[in-house]
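Letter by letter, the first sequence follows residues 1 to 262 of our numbering.
None of these hints come from the bench; they were simulated from the model.
Bear in mind the structure is a predicted one, so any value in this text is a computation, not a measurement.
Using N, Cα and C, we set each Cβ at its ideal position, and we do this for glycine too.
Keep in mind that a hint or two might mislead.
To be verified - Each computed EDC-like pair below joins lysine to aspartate or glutamate, with the alpha-carbon atoms no more than 16 Å apart:
hint, residue 1, residue 2
1, Lys-232, Asp-246
2, Lys-244, Asp-153
3, Lys-78, Asp-95
4, Lys-142, Asp-184
5, Lys-82, Asp-62
6, Lys-76, Asp-95
7, Lys-45, Asp-62
8, Lys-244, Glu-233
9, Lys-244, Glu-256
10, Lys-45, Glu-59
11, Lys-232, Asp-194
12, Lys-142, Asp-153
Said to hold, decoys possible - Pair ranges (Cβ atoms, derived):
hint, residue 1, residue 2, range
13, Ala-217, Gly-114, 39 to 47 Å
14, Arg-251, Glu-48, 30 to 38 Å
15, Thr-96, Ala-46, 15 to 23 Å
16, Thr-257, Ala-182, 15 to 23 Å
17, Gly-173, Asp-95, 47 to 55 Å
18, Arg-135, Pro-236, 29 to 37 Å
19, Lys-142, Thr-96, 27 to 35 Å
20, Ala-216, Asp-111, 28 to 36 Å
21, Ala-216, Ala-46, 28 to 36 Å
22, Ala-145, Lys-82, 44 to 52 Å
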Amino acid sequence: MPEGHTIHREARDQKPMLTGRDLAVSSPQGRFAEGARRLDGHDCKAVEAFGKHLVYRFETGDHLHVHLGLFGRIRKAKRPEKEPRGAVRIRMMSDTHVVDINGPTICEILDEPGLAALLARIGPDVLRSDADPDRAFARIAKSRAPIGRLIMDQSVMAGIGNIYRTEILWRLGVHPDVPGRAVDRVLFDRLWADAQRLLRIGVTRRAIVTVEEALAAGGRRRKGERFNIFGKETCPACAGPVMKLDIAGRRAFACETCQPVP
DNA sequence: TTGATTGTTACCGG
DNA sequence: TCCGGTAACAATCA
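Using the sequences and the hints given, assemble the complete structure.
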């Protein structure tokens, strides 16, 4: 279940799953994370998320950089471990648990400059306390590109995915085609705050939930009730038709009435 | 087997 | 430089 929350949850898990003595690397499909062998037998000291990027820090000073992309999965299980399922790019083991990373877009070892380069091209992470929203607003305020593009541009601000994009803009009553330049600071602040709130909820619940009633009720709802308009035909607020859009090749939705076309 | 998918990047043209 | 479009890549499930 990508789109941020899996990653964020992983990085913010109260109980780090990588406390083990031996870090083993497995490659059932014949594909290794580049340089992964170097980490064999070394401890992971910390795991941290920067937007949708995961960084496992090792005692050797190396960084394992993982991006799950659309399909990547992190599978945790208790030992004794079973045979890796599917395309496991790296397997990490503690005394008690095994963690497989399946099908990530990125699974590589970075040195310090490599990590610095990565962080330099990622915008402020909505979920990080050290994030600087001013950086995101500066980019948005001088851009002619539509806000629907900008808030999902991970170099502008990091964390929002395709579903959150549609849902957040609907919640704010902003059409995705509104140019960045037309977004003032007040609106941006509302956008940032809403993204922060929803993503935090996603981390906690391990599910994307953007419907207020569902948020108030707590717990995890059936998928159909978790979104307001993503994939929907009618707007829950005004009962009008939901427009299907295409933003940079990804589907998006908007309500013509609640989100007036600029 | 096919199509769709919560993502990213490189490259090109206007 | 900025911005939009396209293709490529990835693994899984229905």
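Hint-by-hint comparison with the structure:
Distance restraint check for Lys-232 and Asp-246: the Cα-Cα separation of roughly 15 Å lies within the 16 Å cut-off, and the hinted pair is therefore satisfied. Only pairs whose Cα atoms come within 16 Å are accepted, and Lys-244 paired with Asp-153 is rejected, the gap being roughly 20 Å. Note on Lys-78 and Asp-95: the hinted pairing holds, with a Cα-Cα distance of about 9 Å set against a maximum of 16 Å. With a C-alpha separation of about 11 Å, the suggested pair Lys-142 and Asp-184 falls inside the 16 Å cut-off, and the hint holds.
Among the hinted pairs, Lys-82 with Asp-62 is inconsistent with the structure: their alpha-carbon atoms are about 27 Å apart, more than 16 Å. At roughly 13 Å between alpha-carbon atoms, Lys-76 and Asp-95 fall within 16 Å of each other, so this suggested pair holds. A hinted pair counts as satisfied when its Cα atoms are at most 16 Å apart, and Lys-45 with Asp-62 qualifies at roughly 10 Å. A threshold of 16 Å between alpha carbons decides the hint, and for Lys-244 with Glu-233 the separation of about 9 Å falls inside it, so the pair holds.
For the hint pairing Lys-244 with Glu-256, the CA-to-CA distance comes to about 10 Å; that is within 16 Å, so the pair holds. For the hint pairing Lys-45 with Glu-59, the CA-to-CA distance comes to about 6 Å; that is within 16 Å, so the pair holds. Pair hint Lys-232 plus Asp-194 does not hold up; C-alpha atoms about 21 Å apart against a cutoff of 16 Å. Our distance criterion of 16 Å between C-alpha atoms is met by Lys-142 and Asp-153, whose separation comes to about 15 Å.
With their beta carbons about 44 Å apart, Ala-217 and Gly-114 fall inside the hinted range of 39 to 47 Å. Look at Arg-251 against Glu-48: about 31 Å separates their beta carbons, and that is inside 30 to 38 Å. The hint said 15 to 23 Å for the Cβ distance between Thr-96 and Ala-46, and at roughly 19 Å that hint holds. Against the hinted window of 15 to 23 Å, the Cβ-Cβ separation of Thr-257 and Ala-182 comes to about 19 Å, which satisfies the hint.
Checked against the given bound of 47 to 55 Å, the beta carbons of Gly-173 and Asp-95, roughly 52 Å apart, stay inside it. Evaluation of the 29 to 37 Å hint for Arg-135 and Pro-236 yields a pass: the beta carbon distance comes to about 34 Å. Evaluation of the 27 to 35 Å hint for Lys-142 and Thr-96 yields a failure: the beta carbon distance comes to about 51 Å. Taking the beta carbon of each, Ala-216 and Asp-111 are about 47 Å apart, not inside 28 to 36 Å as hinted.
The supplied range of 28 to 36 Å is met by Ala-216 and Ala-46, whose beta-carbon atoms lie about 35 Å from each other. At about 47 Å, the beta-carbon gap between Ala-145 and Lys-82 stays in the expected band of 44 to 52 Å.
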